[in-house]
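**Q** If you want the building blocks of each chain, they are given just below.
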Amino acid sequence: MTILSQAVIDSLPYLLPGIFTTLGLVLTALGIGLIMGVPMALIHVYGSWPLQYIIKTYVWIFRGLPILVLLFLFYFGIFPLLGLHISAFWIAAIVLGFRTAAYQSEIFRGAILSIQDGQMLAARSLGMSRSQAIIHVILPQALRNALPGWTNEYPILLTDSSVCYAIGVAELLTRGNQIVARIHEPMTIFVLIAAIFIILNYSGQWVFARIERRYRIPGYGEGDTR
Amino acid sequence: MMTDEIILRVQEIHKRYGENEVLKGVSFDVRRGETKVFIGPSGTGKSTLLRCINQLTVPDSGSIWLNGEEVTHAGPAINLYRQKIGMVFQNFNLFDHLTALGNVEIALLRVKKMSRQEARKKALMELEQVGLSDKVNSYPAELSGGQAQRLSIARALAMDPEVILFDEPTSSLDPELTREVLEVMRRLARNGMTMLIVTHEMGFALSVANEILFMEHGLIAEKGPPSEIPTSPDFTRTRRFLGSFQD
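Residue numbers (my numbering), protein chains in the order written: chain L, 1 to 226; chain E, 1001 to 1247.
Keep in mind that the hints are not guaranteed to be accurate.
Unchecked claim - Stretch by stretch, here's where chain E covers chain L in the computed footprint (C-beta under 8 Å, at least three residues):
1. 170-180
2. 195-204
Claimed, not checked - Only part of the chain E face toward chain L is listed, based on derived beta-carbon distances under 10 Å:
3. His1014
4. Phe1028
5. Arg1032
6. Arg1051
7. Gly1086
8. Val1088
9. Leu1109
10. Val1111
11. Met1114
12. Ser1115
13. Gly1131
14. Ser1133
15. Val1136
16. Met1159
For the record, the hints were derived by calculation from the structure and aren't laboratory data. For every residue, glycine included, the Cβ atom is placed at its ideal position computed from N, Cα and C.
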């Protein structure tokens, strides 16, 4: 037992940078997904049909392919072909970001469509242009409605991020595996890795739940039925 | 309060949804300070007519003129005309993410480009007008139906419109809440606001209207001052329609 805990204590300093790498991947991807997802959703709902078609195709591709295939495609194919020499970390973050952007755009699209037509009518009746109405009336409500679905991307990305092991990103699992190769205690180390993932996952979800509560509209959707 | 100056002209408005011709050529003039009330059976195009006036629904043909300027085919200038044509909706359509104050302020800030101070002052004044001074920081979901509709009237009033369109403003309210909304509207009429109202509140219509317009099958079937409804031969269909109310 003491030997096991010693293994845990010894490996923690080596795993710590892996935790930062994993979190870095997830947060960068979430950010890319947010920055891309909102405009994509707006184009999907309000754009002209050729633009809508481009977005639909994008979503179709990035939701249709396994992450590992996407990672290999970009790491061994697209980026080298473009002559771009970027670290594995950034390629992984970008691929995860592109993929979550596809999912996030669908979350935001659903949230925009859930806003009643009357909101647009009222905004326009006051003399707002369509883009003013979208920015000041539709989006603030849609983004709030999207929050529960959007924060759900965090645990998905976190668990998916371990796939980046395959292209050699020094994230949590990669570093764990390196330790196992040295000290041959797979059970100890992988239980430790699992525990760290669980902690990252649920502490992150706790933070997002607080954000959701912070942005809830008073008197809106309260009561026992929800 | 009514003047001779014609501020709104509605000419030969037609609107069709697929097979269904909702408006079959509706025309009338509105004078400044006038209150016109549209009554008639459901599905005769009353609400569509109001929405055609501020172009929330674009008519198939016909024209709308506000102070001698054409509102139909206005292009981006429609956003200017809409500031002068207020609208109050049956289900309020308040902005749920904003407080009562925010609901009134937002168009002052974003459309009229007022300063924060100016907008706030103006909004507080309009909220007081409709008796909501104690609800300034409440969100729409925290208001009763009557308060919500009074707030939406304040929101329309804040733009200083030349005419306000009321699309069944009390149809989703309980009778006791209806009264407080009608009271606000009655006061507006008395103060010279030009109003076009679609309503089923006959008592209110008869007491506040300068003219009653009875619509049927997409046309104005009969019209005239409310005092003539009980006796005039011009109002036989209106009387039959009202009679069916009293059963």
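**Q** Go through the hint on E/Val1111 and say holds or violated, using the shortest Cβ distance to chain L against 10 Å.
**A** Because about 5 Å separates E/Val1111 from the closest Cβ in chain L, which is inside the 10 Å limit, the hint holds.
**Q** With chain L as the partner, please determine if E/Ser1115 meets the hint condition of a C-beta pair closer than 10 Å.
**A** 17 Å, violated
**Q** If you take the shortest Cβ to Cβ gap from E/Met1114 to chain L, is it below 10 Å?
**A** At about 13 Å, which exceeds the 10 Å cut-off, the nearest Cβ of chain L leaves the hint on E/Met1114 violated.
**Q** Given E/Phe1028 was flagged as interface, is its beta-carbon under 10 Å from a beta-carbon of chain L?
**A** 21 Å, violated
**Q** Tell me if the interface restraint on E/Arg1032 is satisfied: Cβ within less than 10 Å of some Cβ in chain L.
**A** 20 Å, violated
**Q** With 10 Å as the cut and Cβ atoms as the points, is E/Ser1133 at the interface with chain L?
**A** 19 Å, violated
**Q** Quick check on the hint: E/Val1088 CB to chain L CB, less than 10 Å?
**A** Check passed: Cβ of E/Val1088 comes within 9 Å of chain L, closer than 10 Å.
**Q** Does E/Gly1131 pass the interface hint, meaning its C-beta sits closer than 10 Å to a C-beta of chain L?
**A** At about 20 Å, which exceeds the 10 Å cut-off, the nearest Cβ of chain L leaves the hint on E/Gly1131 violated.
**Q** Is the hint on E/Met1159 kept, meaning its closest Cβ partner in chain L is under 10 Å away?
**A** 6 Å, holds
**Q** Under the criterion of a CB-CB separation shorter than 10 Å, is E/Val1136 in contact with chain L as hinted?
**A** 14 Å, violated
**Q** Once the shortest beta carbon distance from E/His1014 to chain L is found, is it less than 10 Å?
**A** Hint violated; E/His1014 Cβ to chain L Cβ min 21 Å, cut 10 Å.
**Q** Holds or violated: is there a CB of chain L closer than 10 Å to the CB of E/Arg1051?
**A** This hint holds: E/Arg1051 lies near chain L, its Cβ roughly 8 Å from the closest one there, short of 10 Å.
When held up to the earlier numbered hints, the structure conflicts with 1, 2, 3, 4, 5, 11, 12, 13, 14 and 15 and fits the remainder.
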